[in-house]
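Chain residues, written in single-letter form:
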Amino acid sequence: MSGQSKASGPRPVSAAATDPRRILSREECELIFERACRFARGGGETGIMVFSWWQGELRWGRNRVTLSSDRRDTWLNVQRRVVDGRSTGGHRVTTNQLDDVSIEAAVRAAERMSLLGIDPGWGLGDYPALPEYPPFHGAPVWSDATFNLTTEARAEVARSIIGAVEAEGLLSTGYLEVRGVAGMSKGTEVPELRQGELAFWDLPFTTWTHAQLSITVRDSTETGSGWAALASYDWNRIDPEALTERAIQKCVASRNPVALEPGRYTVILEPQAVADLVEPLIGSLLAREDPEGRRRQSPWYLGPDEHLGLHRSKLGTKVVDSRISISHDPSDPLLGIPGARVDTYGPVTWIDRGVLTNLGYRFETDVKWLEGWHGLRGPAVYRMSGGDTTIEEMIASTRRGLLVTRFSNVRTLDERSLLCTGLTRDGLWLIEDGKITKAVKNFRFTESPLFVLNSVEQLGEPVPVFRTPPHPFLIGPMPALVPALKVRDFSFTSLIDAV
Amino acid sequence: MRGFGWLSVLSSVLLAAPPVAGQTLFTWPDTAVDVSQYATVEECHAAVERVTESVRRNEFFLHRVWRDTLPYDPVEDVKPIPAEAQEAARSCGARFSDVEAQPVSEYRMLVPLYLAAGWDEKARALVKRRMDAAAREGEAALAAALDTVVHVYSGRTGGGRSSLPGFPGLSVQPPRFDLVTEVVDEYLPRVSDRMRRVKILMAQVQLARFGARLLDSARIEWAAPQILALVDSLSEAEKAQLAEELTGFTEDKDELEKRLYRDVYRAVESASKRQALLDSLRHSTAAYVREYRRQHPRAVDVPYGQPAPTLEGDVWLGCGDRCASRPVPGRVSLVVFFYHDVVRERPNDQHQCISVVSGASGIRAHCPRLVYTLRRLADRFPELDITIVARTHGFFGYLKEDMTAEKEAELLRRWLESFGVRAVISMTETDYWRLPNHDRRRIDEPTTNEVNYSFDGPAGPRPNGWSVLIDEDGLIVYDTVLQPDSRSFAYESQLIEMIEALLERNAARR
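In the order they appear, the protein sequences are chains A and B.
The first sequence begins at 2 in the numbering used here and counts up by one.
The second sequence begins at 6 in the numbering used here and counts up by one.
Worth flagging that the hints you see were computed from the coordinates, not collected in a lab.
Check the hints yourself; a few may be wrong.
[Claimed, not checked] Each computed DSBU-like pair below joins lysine-lysine, with the alpha-carbon atoms no more than 30 angstroms apart:
| no. | chain 1 | residue 1 | chain 2 | residue 2 |
| --- | --- | --- | --- | --- |
| 1 | B | Lys405 | A | Lys369 |
| 2 | B | Lys204 | B | Lys244 |
| 3 | B | Lys405 | A | Lys315 |
| 4 | B | Lys84 | B | Lys133 |
Take the sequences, apply the hints, and build the full model.
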């Protein structure tokens with residue numbers, strides 16, 4: 002399913018890039034569903050989940066392109082349930098072939114698995130009609146500029162970046178990716194209970210795009226390294242020239258670093274460093290069920306309430322500096338939202354001026370415990386509030402401290418306190434008396450984002466950062482807007498030789 | 006050049022031949038297992054377990070019956086292992102079949118294998134060698150060996166569900182009651198350590214009431230007085246040590262008594278007093294309560310003999326215009342507290358029950374174990390008056406909007422009836438409040454029915470399926486959580502016995 006083309010030599014025009022049908026349309030998804038239903042034998046229920054995706058990518062190293070490809074694939078998951086009155090569980094079979102023979106084979110395989118199951122028993126229960134949720138409106142996360150960035154256009158971008166880096170006598174490595182995804186899930190379960198075409202757990206046809214560009218620049222002595230990157234659903238929001246210039250500047254400025262003693266330093270964390278550091282904290286805000294379901298390792302677990310016989314979370318308590326809010330507004334043009342039908346559509350604030358006001362929760366939690374009947378998303382997409390201090394002003398107001406470009410390999414050591422460890426990368430500088438005085442060798446840090454967000458001195462303006470979805474098609478873009486922070490007493494625990 | 010002529014000929018043959026001729030034709034490898042080739046006893050144990058599990062799984066798929074719909078059958082606990090597994094044990098164990106050639110130190114693993122193969126005589130011979138050797142080592146070794154042998158014969162070693170932890174290998178199935186008796190009769194008199202004697206006798210009692218059904222009342226009646234006399238003869242320090250050994254570390258000085266109550270008194274009660282209870286119930290509730298108090302002098306918080314509080318409900322279904330006075334005077338009644346927000350009974354059950362349905366699989370995956378038991382009772386005793394006591398939760402399944410008490414009651418009725426359960430439903434509007442600020446969770450207050458039926462206990466939700474049996478005079482006779490019989494307790498069977506006794510009595514009166 003891939004059509005790679007080498008960068009060297011005459012470049013054939015990729016068929017995938019010129020084919021307007023790189024991803025499936027709504028009608029095609031519906032047709033696959035109908036075909037799967039048509040092949041079903043022995044009664045029972047049929048469901049499909051289908052994702053089709055196209056990805057154009059270009060990778061280079063040491064100023065030479067090493068990979069240019071256009072790939073597309075389909076992921077079709079066929080489910081058959083209670084065939085010939087058997088089996089209570091759904092049985093799924095996955096294929097990426099969409100011809101009749103392959104789909105029928107998948108249906109048959111799912112049926113064979115279903116036939117291994119057991120009788121559902123005396124009954125399935127009588128349920129009321131399914132609630133009808135409002136129609137799902139496609140999120141503003143589709144960009145024609147992303148979807149139409151051809152192989153040639155991507156090569157041009159790489160050429161201009163490599164040219165600029167070579168002109169400075171430096172080496173660059175980079176990765177450019179554009180992606181378009183279409184997906185849908187639909188089933189025939191409980192038709193007698195359905196009020197509309199889709200049950201609330203089905204996923205209506207939805208599409209999104211994703212673009213990312215990352216550049217690392219090194220000098221020939223391998224002592225300086227600069228990095229710049231950005232991700233967005235819209236390629237037009239990524240400025241390759243600006244990123245190149247930034248990576249070059251950082252590389253040049255980080256040459257010949259000196260070793261400093263590890264210890265506690267005042268640090269100025271650039272937005273990317275803040276985003277890297279708070280990622281474990283963001284992940285912990287996803288599920289209210291953790292702290293309230295006795296998961297004592299959750300940072301938001303407060304303790305048992307023996308009188309009421311339940312577990313309390315830290316909801317309503319102040320957890321970070323009162324200048325920090327973490328929120329998401331779907332109408333924010335820089336963020337957008339790819340959501341599910343049972344999710345709350347409106348804006349959500351998880352941390353409001355330092356107070357933990359919300360944790361994501363499931364539909365079941367809302368139905369059983371809370372006032373509504375929707376799920377609440379966690380901050381997969383978020384904006385962290387900031388201030389108006391520029392990084393230059395932060396530097397100017399620092400007597401002695403460090404400027405951090407970004408962190409890598411951030412790992413959680415202790416879930417309860419969110420104590421993490423990781424490395425500084427691609428540019429670390431010493432600040433003395435309000436000025437950057439020298440490049441510094443990298444450190445390993447051992448610090449908690451919770452402690453950091455409680456030690457904030459100054460905040461910058463939130464800007465988009467580099468954040469990529471962890472799955473090629475099941476998870477949509479994950480944009481975030483994060484400010485730079487000036488933080489006191491940040492703990493560096495050892496020196497790292499790596500550049 | 007001449008010497009290489011054959012090479013050119015061969016090359017031309019290979020090149021001319023169709024490509025497939027040059028390939029190795031795929032054939033399935035012979036994957037049949039020959040367990041007689043296994044070299045160690047441990048491998049034989051594993052082989053027998055695998056075959057047993059495989060046969061059980063195949064039977065399950067063959068009959069395809071959801072176990073939830075069937076009552077617990079204690080006979081399954083004493084069934085022999087499948088013939089295929091016995092054959093595997095014989096085949097694999099052949100190389101160990103010469104008892105005299107086996108090292109006696111291996112008896113712990115060899116005895117279960119012999120018994121699985123049906124070679125009980127070989128097992129007895131090896132055990133005798135082990136016991137005689139232990140006797141020569143001294144009394145402590147003899148007591149330890151006897152303890153182990155009793156547990157092995159009882160099926161409480163190995164990987165069985167009722168096994169003690171720390172004993173790997175095969176469980177003996179069925180338990181060999183006769184062999185336990187034989188070895189205890191012969192060797193226990195030689196053990197003077199009273200604590201050891203207590204533990205061995207208790208193991209025998211546990212075996213005698215194996216599978217929640219009394220299998221050997223004579224053995225219990227023989228062992229129980231000895232246990233109690235031995236415990237009485239222990240010093241306080243010895244009692245504390247015994248309690249710790251039996252129950253793990255505990256500061257509760259009454260723990261030994263509780264444990265003995267559970268393991269011995271209850272067994273004694275099962276052996277001799279259960280029938281007395283039922284007989285007294287057939288006579289009158291007053292006589293039953295007197296007998297119960299005599300048998301359970303410490304059970305002070307049991308409401309048996311008290312008048313059942315009149316049930317209240319904001320919505321009644323299934324009782325027409327005769328809902329005001331329930332339980333109904335003159336009829337044997339079963340009051341079942343049912344919470345449709347907590348359907349989950351066994352969290353680790355593969356057929357998990359869920360209270361909020363969030364997808365199609367949730368509808369299919371409901372675990373109406375409790376409801377099946379209720380249906381069996383309703384089918385068996387049509388004259389039993391069953392009232393489901395429910396409370397509002399503000400949702401049903403996935404539906405929350407515009408929910409009222411009437412709607413919740415009606416949805417619950419339809420849900421129960423879809424499982425064949427027809428009963429009167431009393432739905433009470435639940436008072437609730439919400440935790441302040443950002444928590445907002447709903448906290449339910451106890452309903453009047455829950456308060457009235459809490460008796461001297463805390464007034465709150467009852468366990469889901471908690472049922473109260475009430476006689477025709479409105480007096481409480483029995484309470485239990487509605488569930489099928491289990492390996493450890495005959496929940497459903499005992500309730501059925503009580504209902505039968507009450508209905509017989511009621512019929513005789515009429």
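So, going through the hints one by one against the coordinates:
no. : hint                 : in the structure
1   : B:Lys405 to A:Lys369 : holds (9 angstroms)
2   : B:Lys204 to B:Lys244 : holds (12 angstroms)
3   : B:Lys405 to A:Lys315 : holds (27 angstroms)
4   : B:Lys84 to B:Lys133  : holds (26 angstroms)
Checked against the numbered hints given earlier, the structure satisfies every one of them.
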